[in-house]
Amino acid sequence: MSLIYETGKYLEATGNTWHSEDSPWKATQILSVITDNNIIPKKIVEVGCGAGQILVELSKQKYLKDCQFYGYDISPQAIELCPKNSRNCYFKQQNFLSEESEKNHKFDVLLIIDVFEHVLDYMGFVEQCRSRARYKIFHIPLDIHVSSVARNSFFNTRHSVGHLHYFNADTALATLKDTGHEILDYCYTSGSFGVFSQHPSIKTAIANVPRWLFSKFSIPLSARIFGGYSLLVLTK
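Just so we're aligned, residue 1 is where the sequence shown starts under the numbering used here, counting upward by one.
Careful, some of the hints might be misleading.
Here are the computed lysine to aspartate or glutamate pairs in the EDC-like style, where the Cα-Cα straight-line distance is at most 16 Å [unchecked claim]:
| hint | residue 1 | residue 2 |
| --- | --- | --- |
| 1 | Lys84 | Glu57 |
| 2 | Lys177 | Glu127 |
| 3 | Lys236 | Glu127 |
Here are the in silico distance ranges between beta carbons for each label pair [claimed, not checked]:
| hint | residue 1 | residue 2 | range |
| --- | --- | --- | --- |
| 4 | Gly180 | Pro76 | 26 to 36 Å |
| 5 | Leu184 | Gly124 | 18 to 28 Å |
| 6 | Thr28 | Pro83 | 11 to 21 Å |
| 7 | Pro220 | Pro24 | 21 to 31 Å |
| 8 | Phe217 | Asp185 | 17 to 27 Å |
| 9 | Ser153 | Glu21 | 16 to 26 Å |
| 10 | Ala174 | Ser98 | 19 to 29 Å |
| 11 | Thr35 | Pro83 | 19 to 29 Å |
| 12 | Thr171 | Lys236 | 12 to 22 Å |
| 13 | Ser153 | Asp66 | 35 to 45 Å |
Bear in mind the hints are in silico, worked out from the structure with no lab data behind them. From the three backbone atoms N, C-alpha and C, an ideal C-beta is built for every residue, glycine too.
Given these sequences and hints, build the entire structure.
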């Protein structure tokens with residue numbers, strides 16, 4: 001399955017953008033969890049960095065002005081999209097969990113943003129990530145909800161965006177706990193609202209109405225019924 005990231009198929013599936021249009025919104029969510037937990041990092045690394053735009057957006061933030069940013073991805077097409085002269089950002093086509101990357105740097109924060117649902121051995125991957133930085137920030141799509149089960153949408157998600165594993169909030173948190181992570185903080189994020197302007201559609205607009213209404217009562221309930229949410233988790 002990893003061949004789709006190395007042959008260019010995934011780049012083609014994302015309209016040759018590698019979802020970089022969503023990066024400003026994701027960077028905002030990440031910055032919030034860093035500042036809310038009073039983390040002052042000197043080195044941030046992202047595994048599966050794609051086109052590198054999340055790191056570029058973070059590098060613009062005054063709070064992180066003294067930080068260095070490192071991005072790793074196995075895809076040559078993704079690394080080719082990464083900016084070549086961005087301030088304090090360095091990108092490399094390499095398996096981040098290789099021995100070579102471990103020898104080179106000690107990181108304060110490791111970003112795993114919409115990644116491990118793509119990995120065959122996701123439990124082993126998440127467990128290995130635990131020792132690679134003091135703090136880890138995961139962003140996990142919550143693909144399991146009443147609407148997705150009723151519509152049997154998992155097969156389409158598998159082929160359109162390469163998800164091999166599917167989670168709700170409980171199974172996502174259990175995965176992190178079962179692989180030795182200490183959960184420090186987490187919150188729901190709503191890409192269906194946050195990046196709607198990048199991916200507008202009548203279908204999403206209609207679906208956002210009940211999501212918004214239910215979210216006023218309970219965001220977890222809205223996520224379980226209608227989807228459109230991910231979980232942002234800080235671990236140690």
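Here is what the structure says about each hint:
1. For the proposed pair Lys84 and Glu57, the alpha carbon gap of about 14 Å is at most 16 Å, so the pair holds.
2. Distance hint between Lys177 and Glu127 is fulfilled; the C-alpha atoms sit about 10 Å from each other, no more than 16 Å.
3. About 12 Å separates the Cα atoms of Lys236 and Glu127, which keeps this hinted pair within 16 Å; it holds.
4. A C-beta distance of roughly 32 Å is found between Gly180 and Pro76, which places it inside the suggested range of 26 to 36 Å.
5. For the pair Leu184 and Gly124, the beta carbons lie near 23 Å from each other, so the given range of 18 to 28 Å is met.
6. Evaluation of the 11 to 21 Å hint for Thr28 and Pro83 yields a pass: the beta carbon distance comes to about 19 Å.
7. Separation of Pro220 from Pro24 is about 26 Å and conforms to the stated range, judged on CB atoms against 21 to 31 Å.
8. With their beta carbons about 23 Å apart, Phe217 and Asp185 fall inside the hinted range of 17 to 27 Å.
9. The hinted range of 16 to 26 Å is satisfied by Ser153 and Glu21, whose Cβ atoms lie roughly 22 Å apart.
10. One distance hint, 19 to 29 Å for the beta-carbon pair Ala174 and Ser98, holds here, with the actual separation near 28 Å.
11. Under the hint 19 to 29 Å, the C-beta atoms of Thr35 and Pro83, about 24 Å apart, fit the expected range.
12. Between Thr171 and Lys236 the Cβ separation comes to about 21 Å, which falls inside the hinted range of 12 to 22 Å.
13. Checked against the hint of 35 to 45 Å, the C-beta distance between Ser153 and Asp66 comes to roughly 43 Å, which is consistent with it.
The structure meets every hint from the earlier list without exception.
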